[in-house]
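Peer 1: Each chain is listed here by its residues.
2 protein chains.
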Amino acid sequence: MREHSFILKGNICYSETKNHLSVTEQGYLVCCEGISRGVYPVIPDEYRNLPVKDYGDRLIIPGMTDLHIHAPQYPFRGIGMDLELLEWLNTHTFPEESRYSDLEYAEKAYRIFVEDLKKSGSTRAVIFGTIHLPATEFLMKQLDASGLSTYVGKVNMDQNCTDALRETDALESLESTAAWLRETSGKYSNARPILTPRFAPTCSEPLLEGLGKLQKEYGLPVQSHLSENLSEIQWVQELFPWSACYGNVYEHYGLFGKEAKTVMAHCVHSSDLEVELMKNNGVYVAHCPQSNTNLSSGIAPIRRYLDAGIPVGLGTDIAGGTNMSMFRCMADAVGVSKLYWRLIDQEKKPLTMEEAFYLATRGGGSFFGKVGSFENGYELDALVLDDSGIRTAKELNTKERLERYIYLAEEGGRLAGKYVNGREILLS
Amino acid sequence: MREHSFILKGNICYSETKNHLSVTEQGYLVCCEGISRGVYPVIPDEYRNLPVKDYGDRLIIPGMTDLHIHAPQYPFRGIGMDLELLEWLNTHTFPEESRYSDLEYAEKAYRIFVEDLKKSGSTRAVIFGTIHLPATEFLMKQLDASGLSTYVGKVNMDQNCTDALRETDALESLESTAAWLRETSGKYSNARPILTPRFAPTCSEPLLEGLGKLQKEYGLPVQSHLSENLSEIQWVQELFPWSACYGNVYEHYGLFGKEAKTVMAHCVHSSDLEVELMKNNGVYVAHCPQSNTNLSSGIAPIRRYLDAGIPVGLGTDIAGGTNMSMFRCMADAVGVSKLYWRLIDQEKKPLTMEEAFYLATRGGGSFFGKVGSFENGYELDALVLDDSGIRTAKELNTKERLERYIYLAEEGGRLAGKYVNGREILLS
Chain L
1 MREHSFILKG NICYSETKNH LSVTEQGYLV CCEGISRGVY PVIPDEYRNL PVKDYGDRLI
61 IPGMTDLHIH APQYPFRGIG MDLELLEWLN THTFPEESRY SDLEYAEKAY RIFVEDLKKS
121 GSTRAVIFGT IHLPATEFLM KQLDASGLST YVGKVNMDQN CTDALRETDA LESLESTAAW
181 LRETSGKYSN ARPILTPRFA PTCSEPLLEG LGKLQKEYGL PVQSHLSENL SEIQWVQELF
241 PWSACYGNVY EHYGLFGKEA KTVMAHCVHS SDLEVELMKN NGVYVAHCPQ SNTNLSSGIA
301 PIRRYLDAGI PVGLGTDIAG GTNMSMFRCM ADAVGVSKLY WRLIDQEKKP LTMEEAFYLA
361 TRGGGSFFGK VGSFENGYEL DALVLDDSGI RTAKELNTKE RLERYIYLAE EGGRLAGKYV
421 NGREILLS
Chain S
1 MREHSFILKG NICYSETKNH LSVTEQGYLV CCEGISRGVY PVIPDEYRNL PVKDYGDRLI
61 IPGMTDLHIH APQYPFRGIG MDLELLEWLN THTFPEESRY SDLEYAEKAY RIFVEDLKKS
121 GSTRAVIFGT IHLPATEFLM KQLDASGLST YVGKVNMDQN CTDALRETDA LESLESTAAW
181 LRETSGKYSN ARPILTPRFA PTCSEPLLEG LGKLQKEYGL PVQSHLSENL SEIQWVQELF
241 PWSACYGNVY EHYGLFGKEA KTVMAHCVHS SDLEVELMKN NGVYVAHCPQ SNTNLSSGIA
301 PIRRYLDAGI PVGLGTDIAG GTNMSMFRCM ADAVGVSKLY WRLIDQEKKP LTMEEAFYLA
361 TRGGGSFFGK VGSFENGYEL DALVLDDSGI RTAKELNTKE RLERYIYLAE EGGRLAGKYV
421 NGREILLS
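Residue numbers (full-length UniProt numbering), protein chains in the order written: chain L, 1 to 428; chain S, 1 to 428.
Keep in mind that the hints were calculated from the coordinates and are not lab data. Any given hint could be a false lead.
As the list claims (entries may be wrong) - Partial list, derived from the structure: chain L residues whose beta carbon lies under 8 Å from chain S:
id, residue
1, G78
2, T293
3, L343
4, S388
5, G389
6, A393
7, K394
8, E403
9, Y407
The C-beta atom is built at its ideal place from N, Cα and C for all residues, glycine as well.
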């Protein structure tokens with residue numbers, strides 16, 4: 001794979017730790033066969049014969065991971081934002097997702113979604129589809145062709161939702177999921193399947209039990225939702241009266257981190273017991289600040305999760321979130337953490353810019369393995385940022401330019417290059 | 001002024017009331033000599049001879065008013081967002097504003113500011129300058145030439161700030177302000193002066209007293225800051241121990257609504273007494289949601305102000321706020337109001353999209369007179385929105401397109417036309 005060996009030159013930034021940003025001005029990022037071999041102020045002798053792509057004064061950062069996004073909800077992002085979660089699902093989400101039984105509509109919608117995701121700052125994403133097989137397979141095929149690296153889930157739901165979106169029963173849901181796994185496992189190198197029970201309320205116990213078995217059979221990762229909204233939590237308690245907490249429902253069926261690498265979106269109102277469970281099981285939190293604001297859910301206690309050593313990444317949660325930009329997601333994560341500090345608990349220091357950057361790159365990236373850094377041995381995902389359209393009279397250093405880009409990406413920023421696994425993604 | 005008489009055709013939206021959006025698809029907006037004569041489904045006979053500019057399927061909305069923005073802070077927006085107000089002022093703001101004693105720097109910085117404001121969705125703005133006369137006059141000249149309609153303030157501050165930014169004493173501050181007023185009052189038709197004590201802590205009592213006199217002499221409006229941050233409020237109480245509340249300091253010197261049309265930025269932590277004073281005096285609140293989040297100030301109780309009948313508009317508060325987009329400002333106003341409801345007071349319903357739109361157009365516009373609506377008799381400020389770059393597979397109605405544009409203006413939206421007082425602003 002000689003063509004995936006090269007050197008990128010520019011102002012290179014990546015997280016060494018949560019609190020420390022490595023900055024190398026006019027540095028060299030070495031990529032050998034898709035893997036980073038580190039960042040250097042001068043090219044080491046052993047790499048002297050690699051081709052150098054010089055990005056001049058631009059910034060080069062690791063690619064970002066969107067740890068929670070609903071592809072079928074992309075068409076209605078930014079609409080109907082005046083409802084809370086459960087009402088919003090019934091009024092907007094379920095009717096829209098029902099349309100994906102129509103493959104023609106699904107193809108039209110997913111083409112736009114994948115093209116826009118490709119142009120975004122996300123190099124990796126963990127994605128919800130719908131219950132529909134043909135639509136979900138089309139989504140995976142398009143994503144695979146995009147060159148982005150993704151996990152994609154065919155959704156399971158066999159109760160408590162609109163008829164048009166409910167699978168007949170657990171058996172049908174499980175058979176359909178097994179068929180999907182036979183069809184897609186190993187078929188695409190970039191788009192891999194992930195088990196996706198929508199959320200506890202829409203999954204019967206037999207379905208959850210069957211999914212636990214499928215998980216073992218295929219060794220799959222798992223994604224779902226957890227403790228997003230107060231009414232939702234109460235509902236889960238009513239539906240699963242034996243459960244010690246919401247997360248315990250997933251845990252009971254082997255879908256909560258221990259057996260399977262698991263990411264749970266939101267975790268806004270997790271109880272102490274649930275936090276302990278997440279910590280012990282190494283469950284990932286996909287923090288979706290914009291969505292939690294839009295749906296009036298609240299603010300997730302991310303400082304608490306970081307202090308507990310729980311793995312955390314960021315998610316846009318389209319269409320609970322309206323913006324597909326991970327830059328915006330970082331800015332929102334910092335913003336809501338400040339309001340958390342001001343309004344809820346002054347023991348919980350707000351996130352710094354360095355921490356938000358860590359979450360968007362290394363934090364979420366680690367769900368994919370060694371991803372989200374430029375350290376030696378990491379899969380090379382990179383973004384080249386052109387901030388010349390964000391004008392200022394002031395002289396800025398590289399770190400200031402990066403911070404400003406995070407806040408102002410959509411007001412004059414431009415992605416000038418994007419690499420996934422050492423492969424360049426064509427942006428135009 | 002025949003050239004300012006015309007008809008715009010498109011999908012026209014404006015606020016009839018706080019809760020009702022008027023939508024006329026493929027309607028005609030009639031402008032006679034800069035004044036709106038209303039929106040019609042077909043052109044009334046009396047206007048048949050006016051030229052029609054057909055904007056096809058695009059949206060046409062009233063221009064927006066940015067009720068609080070600091071022009072000299074534009075160069076460092078998006079940088080150093082990890083501090084609270086008072087520390088942020090000393091670390092970032094005051095040193096940067098000191099640079100405007102250098103007219104060369106000021107010209108470079110203000111040119112960029114005015115060009116970007118011109119390209120934004122703001123047709124009106126109420127703007128802070130610095131203490132510096134030549135810089136502030138240059139800013140006014142540039143703004144006037146832009147065609148935007150603005151109030152601009154030379155800042156007063158004679159205590160409690162870095163030496164480089166402190167006027168020698170009250171006398172010097174007042175003489176300099178009087179000189180500025182003699183120089184600029186009536187000189188520019190689009191850029192008008194507004195009295196601008198920075199905030200109570202940086203103004204001595206003799207200065208405030210003198211400003212009250214200047215206000216009467218020139219009949220000027222007033223802008224300042226109020227109850228943004230808890231430490232700030234405590235400091236004001238220490239500096240002005242006789243005051244019943246922060247707002248009472250301005251009121252005592254005739255700078256709080258009764259004698260002068262007044263806008264106060266923030267009002268995040270106003271006491272009951274202060275709210276009563278604002279209400280009785282008709283003081284405008286410039287609600288700056290992004291800034292209040294960035295500086296960890298909190299969330300202003302806008303529902304309370306609306307219920308009390310206090311006039312409210314929106315401000316970007318560059319550089320406490322990072323984005324100059326009033327679309328973003330609307331989305332943020334809705335977002336933080338949801339967190340206010342969730343985290344502080346569930347009696348205070350979140351702002352709706354219609355209400356945020358009202359605040360950005362009519363609410364803030366009324367500070368300029370009959371501005372912010374297309375009703376008969378309003379000064380005609382209009383924006384033409386091209387949302388074709390925000391792609392979707394879904395069919396949307398006009399109201400949905402507008403809501404989506406508010407949330408996604410920076411992700412594919414494009415301003416296709418801008419009018420102030422019936423004059424077209426050239427955007428490229």
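Peer 1: Now tell me, hint by hint, if it's right for this structure.
Peer 2: Status of the hints after comparison with the structure:
A cut of 8 Å between beta carbons decides the hint on G78(L): the least distance to chain S is about 4 Å, and the hint holds. The closest approach between the C-beta of T293(L) and any C-beta of chain S is roughly 4 Å, which is under the 8 Å cut-off, so the hint is satisfied. A hinted interface residue such as L343(L) counts as satisfied when its beta carbon comes closer than 8 Å to some beta carbon of chain S; here the least separation is about 5 Å, so the hint holds. A distance limit of 8 Å between C-beta atoms decides the matter here; for S388(L) the minimum to chain S is near 13 Å, and the interface restraint is violated.
Proximity of G389(L) to chain S is violated relative to the hint, the smallest CB-CB distance being about 10 Å (cut-off 8 Å). For A393(L), the interface hint holds, since its Cβ comes within 8 Å of a Cβ in chain S; the closest pair sits about 4 Å apart. Below 8 Å, beta-carbon pairs count as interface contacts, and K394(L) has one with chain S at about 4 Å; its hint therefore holds. Using the Cβ-Cβ criterion of 8 Å, the hint placing E403(L) at the interface with chain S is satisfied: the shortest such distance is roughly 6 Å.
Using the Cβ-Cβ criterion of 8 Å, the hint placing Y407(L) at the interface with chain S is satisfied: the shortest such distance is roughly 4 Å.
This entry does not satisfy hints 4, 5, going by the numbered hints stated previously.
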